[in-house]
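Engineer: In the order they appear, the protein sequences are chains E and X.
Mapping the first sequence onto my numbering, position 328 (from 1) lands on 328, and the numbers just tick up by one.
So the mapping is simple: my numbering equals the position in the second sequence, first residue as 1, plus 329.
Any given hint might turn out to be false.
What the hints assert, rightly or not - Listed below are the simulated BS3-like cross-link pairs for lysine-lysine, each with C-alpha atoms no more than 25 angstroms apart in a straight line: (1) X:K475 - E:K146; (2) X:K492 - E:K259; (3) X:K492 - X:K475; (4) E:K281 - X:K539; (5) X:K588 - E:K210; (6) E:K210 - X:K610.
What the hints assert, rightly or not - Quick look at which bits of chain E chain X covers, simulated, 3 or more residues with Cβ under 8 angstroms: (7) 70-82; (8) 150-158.
Just so you know, these hints were derived from the structure itself, not from any lab.
Virtual Cβ for every residue (Gly too), placed ideally from N, Cα, C.
Number of protein chains: 2
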Amino acid sequence: MDPPTSPDDEAAAFFRAAPPFRDRDAVAASLAAFVARHRARAAAGGGGGGGPPAAAAGVVCVTSGGTTVPLEQRCVRYIDNFSSGQRGAASTEYFLKAGYAVVFVHRRGSKQPYCRFLPEDSFLDLFELGEGSEIQVPESHTTVVKTAISSYRKAIDEGLLLKLPFTTIFEYLQLLQLVSTAMNCLERHGMFYCAAAVSDFYVPWESMAKHKIQSAGGPLNMQLSQVPKMLFILRNQWAPSAFCVSFKLETDPDILIQKAEAALRKYGMNVVVANELANYKDVVVMVTSSGKTTMSRRSKEDDLEEQLIALLVKMHSDHAKQSNPEQET
Amino acid sequence: MDPPTSPDDEAAAFFRAAPPFRDRDAVAASLAAFVARHRARAAAGGGGGGGPPAAAAGVVCVTSGGTTVPLEQRCVRYIDNFSSGQRGAASTEYFLKAGYAVVFVHRRGSKQPYCRFLPEDSFLDLFELGEGSEIQVPESHTTVVKTAISSYRKAIDEGLLLKLPFTTIFEYLQLLQLVSTAMNCLERHGMFYCAAAVSDFYVPWESMAKHKIQSAGGPLNMQLSQVPKMLFILRNQWAPSAFCVSFKLETDPDILIQKAEAALRKYGMNVVVANELANYKDVVVMVTSSGKTTMSRRSKEDDLEEQLIALLVKMHSDHAKQSNPEQET
Chain E
1 MDPPTSPDDE
11 AAAFFRAAPP
21 FRDRDAVAAS
31 LAAFVARHRA
41 RAAAGGGGGG
51 GPPAAAAGVV
61 CVTSGGTTVP
71 LEQRCVRYID
81 NFSSGQRGAA
91 STEYFLKAGY
101 AVVFVHRRGS
111 KQPYCRFLPE
121 DSFLDLFELG
131 EGSEIQVPES
141 HTTVVKTAIS
151 SYRKAIDEGL
161 LLKLPFTTIF
171 EYLQLLQLVS
181 TAMNCLERHG
191 MFYCAAAVSD
201 FYVPWESMAK
211 HKIQSAGGPL
221 NMQLSQVPKM
231 LFILRNQWAP
241 SAFCVSFKLE
251 TDPDILIQKA
261 EAALRKYGMN
271 VVVANELANY
281 KDVVVMVTSS
291 GKTTMSRRSK
301 EDDLEEQLIA
311 LLVKMHSDHA
321 KQSNPEQET
Chain X
330 MDPPTSPDDE
340 AAAFFRAAPP
350 FRDRDAVAAS
360 LAAFVARHRA
370 RAAAGGGGGG
380 GPPAAAAGVV
390 CVTSGGTTVP
400 LEQRCVRYID
410 NFSSGQRGAA
420 STEYFLKAGY
430 AVVFVHRRGS
440 KQPYCRFLPE
450 DSFLDLFELG
460 EGSEIQVPES
470 HTTVVKTAIS
480 SYRKAIDEGL
490 LLKLPFTTIF
500 EYLQLLQLVS
510 TAMNCLERHG
520 MFYCAAAVSD
530 FYVPWESMAK
540 HKIQSAGGPL
550 NMQLSQVPKM
560 LFILRNQWAP
570 SAFCVSFKLE
580 TDPDILIQKA
590 EAALRKYGMN
600 VVVANELANY
610 KDVVVMVTSS
620 GKTTMSRRSK
630 EDDLEEQLIA
640 LLVKMHSDHA
650 KQSNPEQET
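Pulled out of the complex, with its shape left as it was, chain E reads as follows:
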């Protein structure tokens, strides 16, 4: 008799059946260079000349935005998960401010760090030409735009921000594996902040329609499979010493906390951040093995992410000071 399917087997089967990741070698090389550059800094306790308080600095992988599930191999239709990427983009700014190097694994087209203030429809609404045809920003927005440009330039020029885009669930999970195995050498100085909205269901590549599904055939019936729980593999194999934060989003407040606690146990996360769709910008509950902490936004001008990242940086710093279990024995 076959043994019951293990998470490892499910993950292996998922990757075997996934379409090959484009630019895998180039992405792996840029990741290796990025991690190597920051490894010494992280192990020394971070910071560096003139930077922010040095104690906590390490490398964090922030995942952001929703993954898609293609319904056709030559993809016209797909299932998507709601996520603007607002949380991930804001959090990346605060991690950079705290001296972290950030691998920003984001959905193509989702919100980007330092661009959250942009008009929804057209960035051109922000600009006008002056009398000498120089590019101008209305005075009300001058400070915010100039600060954004200079902060962004600084992060890029100092090599503190590596941006890696994905669209599908296949690309996302392949990227998560690449990043976490590359960051494994950072041990306890590595952090994962998995804010992406990851699909629970997908259509395996080989059972997918090759061409656009035709509507003439009447109503459409679809059967979707469960996506393997990769956080378990991340924790147990890819980067077992890292500090791991995951998110749980629900629309029903009655089941939110119990689902967050279950995720904490099942996947061995250090923190699960529980949030409700209706008010995710205003309130989160941080669930850890030692209890729950509720955080609320202080005013409309505040980012909840500022408090959240401050506390996580502190917790990660404590985590990094502990020695690895295998080193203790």
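Given chain E's structure and the hints, the job is docking chain X onto it.
Structural biologist: This is chain X only, laid out in the frame that chain E set:
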């Protein structure tokens, strides 16, 4: 015995069951004002002082980007249609250049007119601060950015561009009804250029899950209903005298032209533009009752939309010169 369901009955049932359109009154008011402003101009043969060649100018509704199908009422997951909105954004620019007033009905977050040159990930990649901390664009991009800002400003300031966003299939079809009934008074001077990628299947609102679908229940089975063919209603009821252009996208070239010809007949379109996913930026086939015209992009620097809009403007001009059938009798 009940009569067989008619397209009218299906459309009415769809709208009855759809969630109410937010800001309906404000959108209807801005549409009425926009159409009234351009009605006299269109009837007089367009143009106006100092504008482009006056013969063809009218009002066109350009639809752009893909619609989503929510799978849950408090929506976390949805089915989406692939469409960057590139075609609709480029076409809007060429319609404006030809002197048209444009109602740009677009998916939130899709490509916008005059913004097509933007870097994919971060518009901040385009800017830097000069020595006096003034906003600068690298010299390689100066001309394109300045032209974009001035063309966009001109269209907005002269009241030639009305932008109306949608996300779901419910919003899109409600918006299409609002726009087309508002444009009906333009008669043959109105044009519809339906480039949006509209879902064929949806989950009726009342049969939708209220909360996020839980993954613990194992694989997911979904049954989707067919979206009523609203182009038929647009042509027959909402704006029967308008010049109507629709698009047919397929991945399988073997069925593309026959599907485009079927759409031309079934919905009474004036033109169906047939395109393949693999090369939609390079080749289209215009299908009309008098035959097929293939158009190819001349070079990488050219927009296929420039040729396409030039020919459509000519055809619309001929259409507008004919009197209405009901006026002939």
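Engineer: Find the hints from earlier in the document that the structure breaks and name them by number, from lowest to highest.
Structural biologist: Hint 2 is the one this structure does not satisfy, whereas the remaining hints hold.
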